[in-house]
Amino acid sequence: MKRILVHACFYIVCGAALSVAQLRSFSIRYINNDVVYLQGGSAAGLKEGMRLTVKRPGAGESPLLAPSVAEIVVISVASTSAACEIVREEVSIRVGDQAFISSQDLEKQDPTSSETQTFAQIIEFTGVDPIEEELRENIPRPPLGEENRLSGRVGFELDSIFDRSGAGLHSHQQGVVFRFDYTRIGNSHWNLGGYWRGRINSTKRPREQESINDVLQRVYHFGLRYDNPQSSYVIGLGRVLVPWAPSLNTLDGGYFGVKVGKSTTVGAFGGTTPDPTAWNYDPDRQLVGAFVSIDRGSFEKTRYAVTTGLAVSRLDWKSERQFMFVETGVLMGSKVSFHHNIEVDYQSADRFASSSPIAVTRSFATVRVQPVPRLSLDLSHNYFRVLPTFDERLIVTQALDNLLYRGFNGGARVELAHGIAVYGSGGQSSRTGDASGSWNGMGGVSARIPKTGFRADARYSRFNAAIGSGSYRSISFRRDSSDRWHFQLEGGDQHFETFFTDSTTWYGMGTVDIFVGRFVLGFRGTLYRGTFQSYDQLQGSLDFRF
19 MKRILVHACF YIVCGAALSV AQLRSFSIRY INNDVVYLQG GSAAGLKEGM RLTVKRPGAG
79 ESPLLAPSVA EIVVISVAST SAACEIVREE VSIRVGDQAF ISSQDLEKQD PTSSETQTFA
139 QIIEFTGVDP IEEELRENIP RPPLGEENRL SGRVGFELDS IFDRSGAGLH SHQQGVVFRF
199 DYTRIGNSHW NLGGYWRGRI NSTKRPREQE SINDVLQRVY HFGLRYDNPQ SSYVIGLGRV
259 LVPWAPSLNT LDGGYFGVKV GKSTTVGAFG GTTPDPTAWN YDPDRQLVGA FVSIDRGSFE
319 KTRYAVTTGL AVSRLDWKSE RQFMFVETGV LMGSKVSFHH NIEVDYQSAD RFASSSPIAV
379 TRSFATVRVQ PVPRLSLDLS HNYFRVLPTF DERLIVTQAL DNLLYRGFNG GARVELAHGI
439 AVYGSGGQSS RTGDASGSWN GMGGVSARIP KTGFRADARY SRFNAAIGSG SYRSISFRRD
499 SSDRWHFQLE GGDQHFETFF TDSTTWYGMG TVDIFVGRFV LGFRGTLYRG TFQSYDQLQG
559 SLDFRF
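When we follow my numbering, the leftmost residue of the sequence shown carries the number 19, and every step to the right adds one.
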């Protein structure tokens, strides 16, 4: 009877721990058109055919509580990485997004995989069978498959821009690209991963010639991380997001955290702010701060996370801001989620036009409800005290949709039959000094084109942002032909008007990647015509996969 009780307790504990392990996310470490590569493979329990939901934080939104932006299916699995095909994409997937296994595929995870193996704590009972105990202690345990594994790509690029505005400016550059996934370095708990690009020649492209591709290629993550389940310390160095405070956006620097008990983490962070999609983007800003984070509850019922911190920023090494930030997230099962982040400045009355020494400078709140799998609804509120400083050239790329309004905004997405999805959002946007608010809206449709292998997405948006007003239209076609070749074509136009400028831009981009053994030949072309820039850009690359 005792042995039966011991075995029952053992399987109950293992099953509960396994269900928690299966809810872990997989980071997207590389994207090649319609193929998405995950940081995790068969050693983490992934199998071909599994379906995962991709999530991305909005402006300060926690990855865990972020809405679904895409769905992917595993098509190829290695020990520590997996290649996935995009089956639904509301917005373009980016490196750093998180993929979660769907509830329908939880049972497909391999319970013998190294990352899903969970051993119950040893509990002493009187009357244990000594022969059974000796057998358990002598079961051979092979080394984990993800230890000291290195994979990735190294590439060489040629890049040329030909000015079409009549100024006759041309530029040519050579560069290198690294994509690494180095897990458990030297059998430790240090991991190196992400994407990095650099220039071989010393010629710096002037800002008036910096292309939309140049700006997009600055949106990446590459870092060295330490995360040991048996240790109280968490460390990240490089171009990283602070896991407990993603509203601070990407930092060129690092973070350090100490786990205090089961649910509390205290830490510090520091670095510069290189992300051109950030609401307060400035590459010359330095940021340092400290935080306390509390994370409690269960994924099955209700889970909440609260992070509070203080930070100081400097611009060109001159004092700029001192502020407090608070991020709150609540997840109620898989149906309802809530997230809110706020920044409050202290003694910045002259900067934020406030008579009080304390002023709210940034606030973003969103509620998402998914009553049925094919329907999702959301409501959000956005607030800025000052004008956002993101790079306006990225408006047409859809990377700034969450920053193009101030006020309330509601949205919905409906999954129809035959791979067709319709989505849209709208609300009344307000700006300081306006007698009344103005309406902004966005709508689009995505679909698979029958018998072609292509996916298409088209959308239109009209906005009245704090920084200006305008509209954009975009359309994209993608096709993935397994591991032989990839193709992508996209384009669009935008009109953007501020108090000082009125500009119109259109662009088109094409990409072809051809796989030859371990080598990848890449060809990219861009046509860009605008009020302030007009150019053609050609890129060629040769990558080696390992």
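Derived by calculation from the structure, the hints in this document are not laboratory data.
Be a bit skeptical, because a hint or two may be false.
[To be verified] Per label pair, the in silico range of CB-to-CB distance:
| id | residue 1 | residue 2 | range |
| --- | --- | --- | --- |
| 1 | F426 | G351 | 44 to 54 Å |
| 2 | D511 | G184 | 17 to 27 Å |
| 3 | G461 | I203 | 38 to 48 Å |
| 4 | T407 | M342 | 13 to 23 Å |
| 5 | L405 | V284 | 26 to 36 Å |
| 6 | I376 | D300 | 22 to 32 Å |
| 7 | F517 | N231 | 40 to 50 Å |
| 8 | M342 | V530 | 18 to 28 Å |
| 9 | G543 | K280 | 28 to 38 Å |
| 10 | D300 | F180 | 24 to 34 Å |
| 11 | V385 | G67 | 32 to 42 Å |
[Unchecked claim] Subject to a maximum C-alpha distance of 30 Å in a straight line, what follows is the list of computed BS3-like cross-link-like pairs (lysine-lysine):
| id | residue 1 | residue 2 |
| --- | --- | --- |
| 12 | K277 | K319 |
| 13 | K336 | K277 |
| 14 | K469 | K353 |
| 15 | K65 | K469 |
| 16 | K280 | K336 |
| 17 | K336 | K65 |
| 18 | K469 | K280 |
Since this is a predicted model, take the numbers as computed values, not measurements.
Think of the CB as a built atom: it goes at the ideal place given N, C-alpha and C, for glycine as much as any other residue.
Could you check the structure against the hints above and give me the numbers of any it violates, in ascending order? 1, 7, 8, 9, 13, 14, 16, 17, 18
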